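There are 2 protein chains.
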Amino acid sequence: MKVGYKIWIEDDRGNQLIGEGLEQLLLAVAETGSINKAAGKLRMSYRTAWARIRKAEKRLGCLLVAKQVGGTRGGGSRLTEEGYRLLESFAEFHRAAGKEIETLFQESFLHLLQSQS
Amino acid sequence: MKVGYKIWIEDDRGNQLIGEGLEQLLLAVAETGSINKAAGKLRMSYRTAWARIRKAEKRLGCLLVAKQVGGTRGGGSRLTEEGYRLLESFAEFHRAAGKEIETLFQESFLHLLQSQS
Numbered sequence: 000m001k002v003g004y005k006i007w008i009e010d011d012r013g014n015q016l017i018g019e020g021l022e023q024l025l026l027a028v029a030e031t032g033s034i035n036k037a038a039g040k041l042r043m044s045y046r047t048a049w050a051r052i053r054k055a056e057k058r059l060g061c062l063l064v065a066k067q068v069g070g071t072r073g074g075g076s077r078l079t080e081e082g083y084r085l086l087e088s089f090a091e092f093h094r095a096a097g098k099e100i101e102t103l104f105q106e107s108f109l110h111l112l113q114s115q116s
Numbered sequence: 000m001k002v003g004y005k006i007w008i009e010d011d012r013g014n015q016l017i018g019e020g021l022e023q024l025l026l027a028v029a030e031t032g033s034i035n036k037a038a039g040k041l042r043m044s045y046r047t048a049w050a051r052i053r054k055a056e057k058r059l060g061c062l063l064v065a066k067q068v069g070g071t072r073g074g075g076s077r078l079t080e081e082g083y084r085l086l087e088s089f090a091e092f093h094r095a096a097g098k099e100i101e102t103l104f105q106e107s108f109l110h111l112l113q114s115q116s
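Protein chains in written order, with numbering that gives the first Met the number 0: chain A, 0 to 116; chain B, 0 to 116.
Extracted from the complex, chain A is given alone in its bound form (with noise of 0.2 angstroms):
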């Protein structure tokens, strides 16, 4: 047996604001410096990623990938302050969560599940 689960945060309306799926986009899109590398590492098309993206600021009411002009490199996409901030507290928090739910699933569930034999 395992444990499984999600987490996400999302608004007082219940819309999601962010989850693993664009946790992984956003790392994809500071690690690439591009929303187009990044949906082709996450198997996913353009269209599709620039679309979550403008779907969460739009609900956030901020930026959170902006285009990044000229330089050697020009062309690309990057981080802005809040994406950064958004994507550390989130990627924080989802990994602190998961660990202290395998933590509870050995010693609570798996513990109960065998000790009441």
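Calculated directly from the structure, the hints in this document are not laboratory data.
Any copy, or any two copies together, can satisfy a pair, since identical chains are not distinguished.
Calculated pairs, BS3-like style, for lysine-lysine (alpha carbon to alpha carbon, straight line, at most 27 angstroms):
#1 LYS5 with LYS54
#2 LYS40 with LYS98
#3 LYS36 with LYS66
#4 LYS5 with LYS57
#5 LYS98 with LYS1
#6 LYS40 with LYS57
#7 LYS5 with LYS98
#8 LYS1 with LYS57
#9 LYS54 with LYS1
#10 LYS36 with LYS57
In this text the structure is predicted, and so the values were computed from the model without any measurement.
Given chain A, work out where chain B should sit, using these hints.
This is chain B only, laid out in the frame that chain A set:
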């Protein structure tokens, strides 16, 4: 903002064994003493409720719900010892994990999101 989550237990092949749906269904069977009344309470058909329980039983290799024979309320259903053990173990784990996720959401996610601004 608020946090959303789903937690379930699965077997090593990735098949779900118990999640919030089966937890509520087993609880309703324990409370009503009848799969039919439990299904009605959760607004699902008897057929759906019965199939969910049987699928979990098949995957777990044990009975969770048994027919109650005779007595003044004969004809109903009750949880087996294994059914109670699974329900109580998962309900306690689910409750503890939810509490921990809420605490981490407040103390980790919201704290990180705000402290970096």
